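J.: Using the sequences plus the hints, can you model the full thing?
One line per chain: the protein sequences are A and B, in this order.
Residue 254 in my numbering sits at position 254 of the first sequence, and the numbers go up by one each step.
Residue 796 in my numbering sits at position 443 of the second sequence, and the numbers go up by one each step.
Hints are computed from structural coordinates only; laboratory data are not their basis.
These numbers come from a predicted model, not from an experiment.
Take these hints with a grain of salt, some might be off.
Stated by the list, open to error - Taking lysine-lysine and the BS3-like style, the derived pairs with C-alpha atoms no more than 30 Å apart in a straight line are:
| # | chain 1 | residue 1 | chain 2 | residue 2 |
| --- | --- | --- | --- | --- |
| 1 | A | Lys-3 | B | Lys-799 |
| 2 | A | Lys-222 | A | Lys-279 |
| 3 | B | Lys-798 | A | Lys-184 |
Said to hold, decoys possible - Simulated coverage check for chain B against chain A, where a stretch passes if three residues somewhere in it have a Cβ under 8 Å from a Cβ of chain A:
| # | stretch |
| --- | --- |
| 4 | 397-404 |
| 5 | 418-430 |
| 6 | 434-442 |
| 7 | 613-623 |
| 8 | 664-670 |
| 9 | 705-718 |
All C-beta atoms, glycine included, are put in the ideal place defined by N, C-alpha and C.
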Amino acid sequence: MAKQLIKGNEAVVYGALLGGATHFFGYPITPASEIAHAAAEYFVSTGRCFLQAEDEVNAINMLYGAASAGGRVMTASSGPGIALMSEGLSYLAGAELPAVVVDVQRAGPGLGNIWPEQSDYNMVVKGGGHGNYRNIVLAPFSAQEMCDFAYRAFDLADRYRMTVFILADAYIGQIMEAVEVPTKVLHSPRKEWALYADRESRHNLITSILMNTELLYHHNKKLQEKYARLEQELVEWEEYETEDAEFLFVAYGISARISLSVVRELRRLNLKAGLLRPKTLYPFPGARIAALSRQVRQIAVVELSNGQMAADVELAAKRPVLKYNWMGGKVPSIQEVLELAKQDLKQNTTVRG
Amino acid sequence: MVKHAKPKTFYETFERRGPGEKNTTYCPGCGHGNAHKLIAEVIAELGIQDRVIFCSPVGCSVFAYYYFDTGNVQCSHGRAPAVATGLSRARDNAIVISYQGDGDLAGIGMGAIMHAANRGEHMAVFFINNAIYGMTGGQMAPTTLVGQKTTTTPFGRTPGREGFPIRMCELINELQAPVYIERVSLGDAARIMRAKRAVKQALLNQVHKKGFSFVELLSPCPINWKMTPIEARKWLIDTMEPLFPVKVFRNIEEPPVKYEPPKILSDAELVDLFAATTEIEIPVSVREVEDQYIKIAGFGGQGVMSAGVFLANCAIKEGFNATWLPSYGPEMRGGTANASVIISNNQIGTPLVSSPNVLIAMNAPSLDTFEDTIVPGGLVIVNSSLVSRKLRREDVQAIYAPVTEIAKDVGLIAAASVVALTLYACISGAVQIETIQKVIPLSLKKKALVEVNLKAVEAAVEYYQKNLKEALVFSNMQ
Numbered sequence: 001m002a003k004q005l006i007k008g009n010e011a012v013v014y015g016a017l018l019g020g021a022t023h024f025f026g027y028p029i030t031p032a033s034e035i036a037h038a039a040a041e042y043f044v045s046t047g048r049c050f051l052q053a054e055d056e057v058n059a060i061n062m063l064y065g066a067a068s069a070g071g072r073v074m075t076a077s078s079g080p081g082i083a084l085m086s087e088g089l090s091y092l093a094g095a096e097l098p099a100v101v102v103d104v105q106r107a108g109p110g111l112g113n114i115w116p117e118q119s120d121y122n123m124v125v126k127g128g129g130h131g132n133y134r135n136i137v138l139a140p141f142s143a144q145e146m147c148d149f150a151y152r153a154f155d156l157a158d159r160y161r162m163t164v165f166i167l168a169d170a171y172i173g174q175i176m177e178a179v180e181v182p183t184k185v186l187h188s189p190r191k192e193w194a195l196y197a198d199r200e201s202r203h204n205l206i207t208s209i210l211m212n213t214e215l216l217y218h219h220n221k222k223l224q225e226k227y228a229r230l231e232q233e234l235v236e237w238e239e240y241e242t243e244d245a246e247f248l249f250v251a252y253g254i255s256a257r258i259s260l261s262v263v264r265e266l267r268r269l270n271l272k273a274g275l276l277r278p279k280t281l282y283p284f285p286g287a288r289i290a291a292l293s294r295q296v297r298q299i300a301v302v303e304l305s306n307g308q309m310a311a312d313v314e315l316a317a318k319r320p321v322l323k324y325n326w327m328g329g330k331v332p333s334i335q336e337v338l339e340l341a342k343q344d345l346k347q348n349t350t351v352r353g
Numbered sequence: 354m355v356k357h358a359k360p361k362t363f364y365e366t367f368e369r370r371g372p373g374e375k376n377t378t379y380c381p382g383c384g385h386g387n388a389h390k391l392i393a394e395v396i397a398e399l400g401i402q403d404r405v406i407f408c409s410p411v412g413c414s415v416f417a418y419y420y421f422d423t424g425n426v427q428c429s430h431g432r433a434p435a436v437a438t439g440l441s442r443a444r445d446n447a448i449v450i451s452y453q454g455d456g457d458l459a460g461i462g463m464g465a466i467m468h469a470a471n472r473g474e475h476m477a478v479f480f481i482n483n484a485i486y487g488m489t490g491g492q493m494a495p496t497t498l499v500g501q502k503t504t505t506t507p508f509g510r511t512p513g514r515e516g517f518p519i520r521m522c523e524l525i526n527e528l529q530a531p532v533y534i535e536r537v538s539l540g541d542a543a544r545i546m547r548a549k550r551a552v553k554q555a556l557l558n559q560v561h562k563k564g565f566s567f568v569e570l571l572s573p574c575p576i577n578w579k580m581t582p583i584e585a586r587k588w589l590i591d592t593m594e595p596l597f598p599v600k601v602f603r604n605i606e607e608p609p610v611k612y613e614p615p616k617i618l619s620d621a622e623l624v625d626l627f628a629a630t631t632e633i634e635i636p637v638s639v640r641e642v643e644d645q646y647i648k649i650a651g652f653g654g655q656g657v658m659s660a661g662v663f664l665a666n667c668a669i670k671e672g673f674n675a676t677w678l679p680s681y682g683p684e685m686r687g688g689t690a691n692a693s694v695i696i697s698n699n700q701i702g703t704p705l706v707s708s709p710n711v712l713i714a715m716n717a718p719s720l721d722t723f724e725d726t727i728v729p730g731g732l733v734i735v736n737s738s739l740v741s742r743k744l745r746r747e748d749v750q751a752i753y754a755p756v757t758e759i760a761k762d763v764g765l766i767a768a769a770s771v772v773a774l775t776l777y778a779c780i781s782g783a784v785q786i787e788t789i790q791k792v793i794p795l796s797l798k799k800k801a802l803v804e805v806n807l808k809a810v811e812a813a814v815e816y817y818q819k820n821l822k823e824a825l826v827f828s829n830m831q
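T.: Printed below as a string of structure tokens:
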């Protein structure tokens with residue numbers, strides 16, 4: 001199948017529509033706006049629904065409504081918008097509605113700026129809104145994965161009745177690369193719990209309110225059991241040069257691309273570096289990191305944040321790690337990361353940051 | 354008179370409330386009971402029970418789904434019109450009801466209701482206005498009257514502090530899309546009968562796909578008003594109605610927007626839409642090229658961004674890996690727009706080019722900005738039409754070519770970037786001229802533009818043969 005040059009933010013829309021997406025509700029924000037632009041074009045021209053909502057708060061509630069009616073629903077935004085959606089995300093989790101949300105991360109806090117950061121990690125990976133809930137979080141590191149993950153996301157969302165996040169960043173959104181587009185359209189089966197405005201579904205109820213503490217306790221327990229199952233069924237990651245690695249990089253998204261370049265440079269210098277990049281951030285490949293932690297001498301987490309994922313890596317590895325953090329929209333060059341790694345290799349440092 | 358038989362739209366017993374439960378959660382004298390019954394009766398009369406999806410709000414009617422034997426969705430505070438929007442856009446056949454109180458609709462949900470109304474969403478909204486927050490504990494609502502005492506206005510609502518009560522029908526009547534707006538009262542039996550006609554009209558409008566219909570029901574809340582049910586009905590008529598006039602604000606026969614179901618593409622059509630465009634015959638490259646880290650920079654309008662996309666496109670057509678990334682942040686200074694392009698036989702790591710081995714500088718600021726970043730031995734193509742100076746560096750290969758003039762000569766200054774790319778292709782051999790010629794028609798829609806760009810390629814090749822080829826061979830031999 002031929003490849004075509006597509007921007008990450010467009011590839012995600014191609015993948016979504018082929019993955020069976022029926023509804024896109026969103027509100028523009030840099031650097032995610034191209035997703036809304038592409039959705040406006042392709043959802044409408046294919047007879048699906050695109051609607052620019054008045055704000056993110058209501059956009060996510062439109063997802064709630066259309067998902068209740070059995071639709072395959074999605075939105076896209078960036079940090080400030082995702083924060084506004086937190087309320088709705090919690091309701092989606094409570095009502096166990098499937099939805100797909102793309103977060104093209106920008107720099108914060110506050111209005112911050114529009115350059116890349118990975119500082120929405122805690123908000124997205126840990127849940128974000130109120131209550132004991134999680135989202136499935138996929139971390140694309142190429143335009144191809146923007147397409148592939150969006151394609152899969154709706155099946156995953158339906159299977160687990162959860163929100164699936166595609167946690168990208170400004171660079172993964174902006175990058176243009178060769179993408180191979182799927183050639184089969186996926187569809188949602190009729191959902192026994194959804195509302196189809198017919199007799200068979202009339203007794204269905206979509207709600208997140210359970211006034212009885214006993215019932216809400218059991219609902220919470222059920223959710224936690226589902227999340228535990230996810231950790232058995234869905235963890236995905238990719239490794240590069242880890243077989244004999246003594247220095248392990250852990251990174252996702254644009255940071256993983258940079259780390260991959262750095263690993264190659266280090267290997268050229270005959271230094272045994274490797275990379276593990278989580279493709280799912282929740283569930284997190286903690287067990288694999290723990291295993292590698294026993295093999296490698298040093299672990300460095302390259303991240304465009306204050307070390308939000310590094311905390312999870314430390315927890316999994318059961319030891320402190322080197323934190324190569326950049327913030328404010330600054331993105332390191334290969335050289336900058338390489339210098340840090342060379343220095344830490346030389347001094348055999350295991351903690352930084 | 355309102356019939357006393359229970360409409361079949363209600364569940365026989367309210368099992369969601371408790372086993373065998375027959376009572377509602379509403380206080381004696383509350384208007385919700387009346388409003389629920391009117392809606393249930395009309396649903397039964399219209400025979401639409403299976404098609405109804407009822408959005409329960411927050412507040413006292415949060416458990417409306419205990420009672421209504423219809424499809425039910427429970428919504429968060431203020432968002433019911435957004436949820437109803439999603440529902441109605443997902444189910445053409447649904448009769449969507451959004452039932453909201455005054456805090457919900459006119460307070461936290463003001464944005465949601467105004468925009469749903471403005472879009473003319475297909476839904477019937479029943480707005481219960483009792484001028485107070487019920488379930489939360491008798492606090493001030495946006496519709497609380499001036500002087501009215503609530504738990505958050507213990508001295509009475511004061512306009513200087515809390516503003517004036519908001520009249521929703523009047524506000525919504527400013528919008529173009531709604532087809533039906535009426536305010537009714539639940540003050541006495543005659544008024545309740547009038548209210549039922551309004552409920553029926555709003556739901557009939559949904560059956561006929563006419564559009565957004567809004568019914569405000571002035572409703573008593575004896576408990577929080579601290580009145581008996583009888584006093585409350587009297588206060589409703591005597592005090593609330595003068596401020597909130599009971600009337601039809603709008604009832605349009607022909608909806609301003611006709612409903613048209615979308616034409617849904619088949620799977621095959623969808624796959625076709627996203628399939629790669631017409632293939633061109635380019636033998637997949639088996640050539641090994643040195644990794645190309647290219648920076649193309651110039652001022653806005655010189656087409657450097659699209660030139661970068663074009664180059665990446667040529668590269669992937671030849672079977673290479675390629676990435677393109679637009680300029681960002683501090684690199685923007687000096688009035689330059691720039692794109693990073695990487696071409697490689699291998700998987701590409703970071704798409705950022707911080708140390709290019711190729712710089713195409715279309716104007717002077719671009720050269721100033723990036724000259725120091727080029728790796729030793731790198732290639733720099735300078736547009737000498739616009740850059741008068743030479744490079745300060747001596748450890749890079751500099752090519753000076755009047756790119757803009759060459760483009761001007763073929764009749765299109767905007768083709769300058771294509772001239773520069775062609776020169777780059779000639780010098781580096783990273784992509785083939787034949788590929789450029791085949792990709793141009795795929796990238797441009799207008800035939801005239803294709804022709805002039807192909808001419809630009811030809812002119813660039815000619816310039817290369819005449820002025821650069823020998824010199825380069827000579828310098829490479831040295």
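J.: Each hint: holds or not?
T.: Evaluation of the provided hints:
no.: 1; hint: A:Lys-3 with B:Lys-799; verdict: holds, 24 Å
no.: 2; hint: A:Lys-222 with A:Lys-279; verdict: holds, 25 Å
no.: 3; hint: B:Lys-798 with A:Lys-184; verdict: holds, 28 Å
no.: 4; hint: 397-404; verdict: holds (count 3)
no.: 5; hint: 418-430; verdict: holds (count 9)
no.: 6; hint: 434-442; verdict: holds (count 9)
no.: 7; hint: 613-623; verdict: holds (count 7)
no.: 8; hint: 664-670; verdict: holds (count 3)
no.: 9; hint: 705-718; verdict: holds (count 3)
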